[in-house]
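So the protein sequences, as listed, match chains A, B, C and D.
Residue numbering for the first sequence follows my numbering, starting at 1 and increasing by one per position.
Residue numbering for the second sequence follows my numbering, starting at 1001 and increasing by one per position.
Residue numbering for the third sequence follows my numbering, starting at 2001 and increasing by one per position.
Residue numbering for the fourth sequence follows my numbering, starting at 3001 and increasing by one per position.
To be clear, the hints were calculated from the coordinates, so they are not data collected in a lab.
Careful: at least some of the hints might be erroneous.
Unchecked claim - Within a straight-line C-alpha distance of at most 25 Å, the following computed SDA-like cross-link-like pairs (lysine to any residue) qualify:
1) A:K87 - C:Q2081
2) A:K56 - B:T1309
3) A:K87 - D:G3084
4) B:K1241 - A:I277
5) A:K163 - C:S2014
6) A:K281 - C:E2119
7) C:K2058 - A:L12
8) C:K2129 - A:S165
9) C:K2135 - A:S158
10) A:K87 - D:Q3158
11) A:K163 - C:L2118
12) C:K2031 - C:S2082
13) B:K1241 - A:V139
14) C:K2135 - A:N283
15) B:K1081 - D:V3242
16) A:K87 - C:G2137
17) A:K189 - C:K2129
18) C:K2058 - A:S86
19) B:K1241 - A:S158
20) A:K163 - C:N2198
21) A:K87 - C:E2119
22) C:K2058 - A:V252
23) C:K2073 - A:V139
24) A:K126 - B:R1246
25) B:K1241 - A:F4
26) D:K3269 - C:P2019
27) C:K2135 - A:D91
Said to hold, decoys possible - Taking CB as the label site, the calculated pair distances span:
28) A:K56 - D:T3052: 50 to 58 Å
29) A:L8 - B:T1362: 30 to 38 Å
30) A:K56 - B:Q1293: 54 to 62 Å
31) D:T3052 - A:I156: 58 to 66 Å
32) D:F3137 - A:I156: 49 to 57 Å
Claimed, not checked - Among the chain A residues that face chain D by a calculated CB cut under 10 Å, a handful are:
33) L92
34) V229
35) R264
36) G272
We put the beta carbon where it would ideally sit given N, CA and C, even for glycine.
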Amino acid sequence: MELFLAQLVSGLSTGGIYALLVLGMNLITLVRNVVHHGFSHTCIFTMAVGWLVYNKTGMPWLAFLAMFAAGVLVTVLSEPLFRPLSKRGADLETIVLAMGIGIILSELIVNFFNSGQVLSFNDEMKIFTTKFQVGAITVSVASIVALVACVVIAIIISTYLFKSSEGRAMRAMAQNLRVAKMLGVPFGKTGVLGFLIAGLLAACIGVICIMCLGYCNAEMGDSFATKAVILMLFAGQGDIKGGILSSILMGVVEAMALAYLPGRWAEAIFYGFMMVIIIIKPNGLFARKAKN
Amino acid sequence: MKKVLAIVIAVMMLSSLMAGFAFAAEDGAEGGAVAVTEWEIPVLSAITGPVSFVGEPAIWAANYAAEKINEAGGIEGVPVKIVPYDTEFDPQKGMQYITQLQDTALFIGGCVAAPVCEAEAQVLYEEHIPNIGSYVSSALDEYAPYICAYMGDSEILDLELCKEWMAAKGYEKLVMFYSPDDTAQAATVDRFAQEVPEYLGAVEVPTGTIDCGPLAVQAMNMGADAFWLGCRTEEASKVCKELVERGAVESGEQICATFSAMGAGFLEIAGETAEGTYAYNMLDVNCPDETWQELSEAYKADHNGDAPTYPPIQGFYNMIVALKACFEDLGITGDPAVLQEEREAIAEWLNNSPEIEGCQGTFSWVNGVMQIEAPVVQVQDGNYVVVTME
Amino acid sequence: MEQTNTLLKIENLSVYYGPICAVKKIDLEVKQGEIVAVLGANGAGKSTMVNTIIGLMKAKTGSIQFDGKELTKMRTDQIIQSGISVVPEGRGMLSEMTVMENLQMGVYHHKVDFNSNLEMIFSYFPRLKERQWQKAGTLSGGEQQMLAIGRSIIGGPKLLLMDELSLALSPLYVDNIFKTLVQLRNEKGFTILLAEQNARKALQYSDRAYVLDLGKTVMDGRSSELMDDPFVQKAYLGA
Amino acid sequence: MSSGLAYFITLVIVYILVVWGALIPFRAGLLYNGTVYVMAIGGYTAGFLSKTFGLNFWLCIIAAIITGLIFGFIPALGFARTNGIVTAISSMALIFIIQSIIKNIDFLGGTRGLRGIAKVPALPWFAIIILIIFGAFLYRLFNSRIGRAWEAIATDPQMAQTLGVDTRKMTVIALTLSSVFAAVGGAVFAFNIRVIYPGTFSFTFLLNVMTMLFVGGRFTQWGVIISAPLLWSINVYMPEAVQKLSNYIFAGLLIIVLMLRPEGLVTRKMILSVKNFFKGLFKKKARETV
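Please construct the entire structure, taking both the sequences and the accompanying hints into account.
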């Protein structure tokens, strides 16, 4: 029982991180019909920038500021790369392009930050280091903060996307670029705005990952990216609520698999399960009705 | 008919293109030939990539050794030059270099990473090229006499340390944490299962596990009082942290880590929880030996004051030193006409070598296994300190 | 309906798709409060003309004057902002969004009172009110066309461009929709430019018409006169 | 031929075969990332048979084709139901699944890898023969009824359906044939590198394949024949400093080509003009001889 509870708690906190990543992916699909495989790499990149700034200056707030700047810079600079593809309506190619962006970011982390070694953060950057201990069960304040932040950010983003006129315009552009243009949505400006928000979110995820994990390296980008992309499809592209639910669910499932199944099978089970569900329900687990 | 002709023409174009490319490329590949005016020693190492923290110092040490030898007049009066090849921890890349080198190289040094080495070993054995790299004993037997290990055999040493440690502390039940992706560790686990009576079981730590809490709890549920960390540094440090924080161990002494687990960042991530943990470092960082002190100073000067901590430094230094002894002992000429004979002679010599003066005392090889002191270290106040197991 | 105020004036307009000329030296004029139809078969250049007016395609030569502004040098969003609305070919639904959201998108660039205009739209198209929370993709063809028209007039545009309004609709629906358009013009004073393949209906409900063929204007005049023209009857009305 | 060169040529041919494997689904309007998964299966089949039973090269290749057909067909049945983006992403998961499965199979060497694959001295020549056979097959395939059906699906799936094309069946055929190419590529790869690990068939490999596909041109089968040797030579024959940048170069080229030259280096137009040139040449000659 103790084992089970410990796993549940661990799974929830891992799920919180997945949920944020999936949220970011969903944001980008909703503002520009792109499955951004490189989004996770962007998050890790902001962490690396934060690490570098902190180690050079010793000022955590400056590091956090730099993280937000880096997140915004990366996403806003990558937005024009997607433009010609979106104009052509080449949705499949955008996936490949996003992978390309991911590799470049990973390579940058390997080459320019601590020569490819693990970047670990100290307590000043982690902010919340308190932990509650009940037997083998550890509940850290950081993971509670992560879960709460996840829900709050999701509410803010979905309110913005679904209730504000700018948000609507972004979604319109992702659904049908031509029609959105005919309705007067400025293509460049709205796209940049959407990616800017995604950049801020990437930095937020970076900060939360620093709090919860306390370290990062280039490989993390890859392993997060594929999981997050598949989780997003699993819940249904653009389904914010479903994305969060299924991320947390998968976080728990993964923790349970680690505990009760041989570790080597965990990955096969994780991906196999999701693939089967995706093939059975191509529009997402939470999709009520297939498109007509 | 026309269609067939068009296909034939296209195929011809294709093959001529390939051939043209091939000939153009052939010229570039000639660089690896051994010139008699200079000993070009190709050395493979993961200079960049995920294990660069081991690979870069290693290649540095090889270069340092070459410099030292050249200062003293080279090998038989001919200077040595290290030609580095960066495998990036990718067996495919390593194989590519080996195939480029296999027609001309007298000796190939490295690599520092087990997967790359195992990929190489087969070709090295078939082509009879002597090599010193990172091997465990099972591979050494299979490909004798052409490959040697540049440091003590971790498979055997780990086992010995583990037995000593458990006997000295009186621990009764052992759980291993290991990475299923590490080929060398997989071999060690098999060995432990057979030879350590206190062995309870292994916990697989998949690469990139985010939260190691579940794994720690799993090990605790097995009821062990001793924990062996064989997984990669990144996960090992987290497992160590979880074990201590969740109260699985009373002190760090109940945890023992292998060399691969105690890589860069272990102390940073594990922090205070690493206190008291044991490990083999296979390298005595504070060895009073004069050569080592000199090397250490030179290393610090080149690396912003960071001290050398990884055993391949010693291993790669010793490799070049051994090569000098070997070449001089055998009177190697480097003449391409007798390449095959000289390769075989070098391999035989290295595989069971006489005592050679290294940077931390003497060393030798017996059936390719390096015979060298491997000190036990313990984390004390955030530093590795050499200790002895009572 | 005698207004002299010219709202849209196209002069000497040519548009190319790469080397292919889609629109050749067209002149066209729309006056305030008129319903003007542009007729022609598939590939005559009607849609190209509409797309060029709203800036989705670039003109090679010629000018488009709208309300005193030169449109050929403006971006699409600026053109829309200056008071032109489009009902795109194929209705252009944002199918993942609800009917309400589609209507809200219609006022993206127009500073108007959304709620009162919404009432107006619902009074013309009561079906939309019933389905306002449904996703646009689930509507029937006729309802989608209503939504497209509603979305284009909700922002109170000065000029309404309609591309292939009658495409893939039953004849009864087509009549209904054209009647609504005339009603809108009479009651709200909209100016409408129709690009239509269905010449009979278009001539029936419009004031004036232009006939395009292979990118050139071959005829223009009052709709009632064109209706009786033997060439038009033979080529476009199938008489 | 020096061994370095032989290794290079064989590896380039492996890449060409696998890229062709990725090209076939693209003809049918699909982005299929499962090629690397089938490559692993083909590679392990060939490697295992060669090591354990000492089968010769050609028998191993035939075995790889058979396993490729089987293991390509199974996921293809699933992917026939899904749309483009879902197929692209979820087929990526296949790579992780197969890696994980191979790690758990002891007779394939598990994480320790499969060693002891026989040495084939004439490997580059064999590879060239395979390349020519499969290249000719691909050429015939693209100009066959099936090829035209794929093209119709890629242009407009709904229209293709109204023309009587069974899109599901065609998708299954495309993915299965793609798997055969990838499996053969994997088998040749195994004989070339002679030690295979589950981790060899990784995401990085997929990205190399994608770069070669897009840079070479994904509308013709000829593009990759130029792009694969050019790109891979960056990794082998360029100065060390350039080799270090190879990942940046690959990713950068991929992005630039996707943005600015969607057809890639070799376009359909170029192939057409080359064809016409040769046709013209033959006609003239024919006239002269008459």
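For each hint, the structure was consulted:
no. : hint                         : in the structure
1   : A:K87 - C:Q2081              : holds, 22 Å
2   : A:K56 - B:T1309              : holds, 24 Å
3   : A:K87 - D:G3084              : holds, 18 Å
4   : B:K1241 - A:I277             : violated, 36 Å
5   : A:K163 - C:S2014             : violated, 42 Å
6   : A:K281 - C:E2119             : violated, 40 Å
7   : C:K2058 - A:L12              : violated, 54 Å
8   : C:K2129 - A:S165             : holds, 21 Å
9   : C:K2135 - A:S158             : holds, 17 Å
10  : A:K87 - D:Q3158              : holds, 22 Å
11  : A:K163 - C:L2118             : holds, 17 Å
12  : C:K2031 - C:S2082            : holds, 17 Å
13  : B:K1241 - A:V139             : holds, 14 Å
14  : C:K2135 - A:N283             : holds, 16 Å
15  : B:K1081 - D:V3242            : holds, 22 Å
16  : A:K87 - C:G2137              : holds, 22 Å
17  : A:K189 - C:K2129             : violated, 32 Å
18  : C:K2058 - A:S86              : holds, 19 Å
19  : B:K1241 - A:S158             : violated, 38 Å
20  : A:K163 - C:N2198             : violated, 39 Å
21  : A:K87 - C:E2119              : violated, 35 Å
22  : C:K2058 - A:V252             : violated, 55 Å
23  : C:K2073 - A:V139             : violated, 61 Å
24  : A:K126 - B:R1246             : holds, 20 Å
25  : B:K1241 - A:F4               : holds, 20 Å
26  : D:K3269 - C:P2019            : holds, 16 Å
27  : C:K2135 - A:D91              : holds, 23 Å
28  : A:K56 - D:T3052: 50 to 58 Å  : holds, 56 Å
29  : A:L8 - B:T1362: 30 to 38 Å   : violated, 56 Å
30  : A:K56 - B:Q1293: 54 to 62 Å  : violated, 32 Å
31  : D:T3052 - A:I156: 58 to 66 Å : holds, 59 Å
32  : D:F3137 - A:I156: 49 to 57 Å : holds, 55 Å
33  : L92                          : holds, 4 Å
34  : V229                         : holds, 5 Å
35  : R264                         : holds, 5 Å
36  : G272                         : holds, 5 Å
Violation of the numbered hints given earlier is confined to hints 4, 5, 6, 7, 17, 19, 20, 21, 22, 23, 29, 30; the remaining hints are satisfied by the structure.
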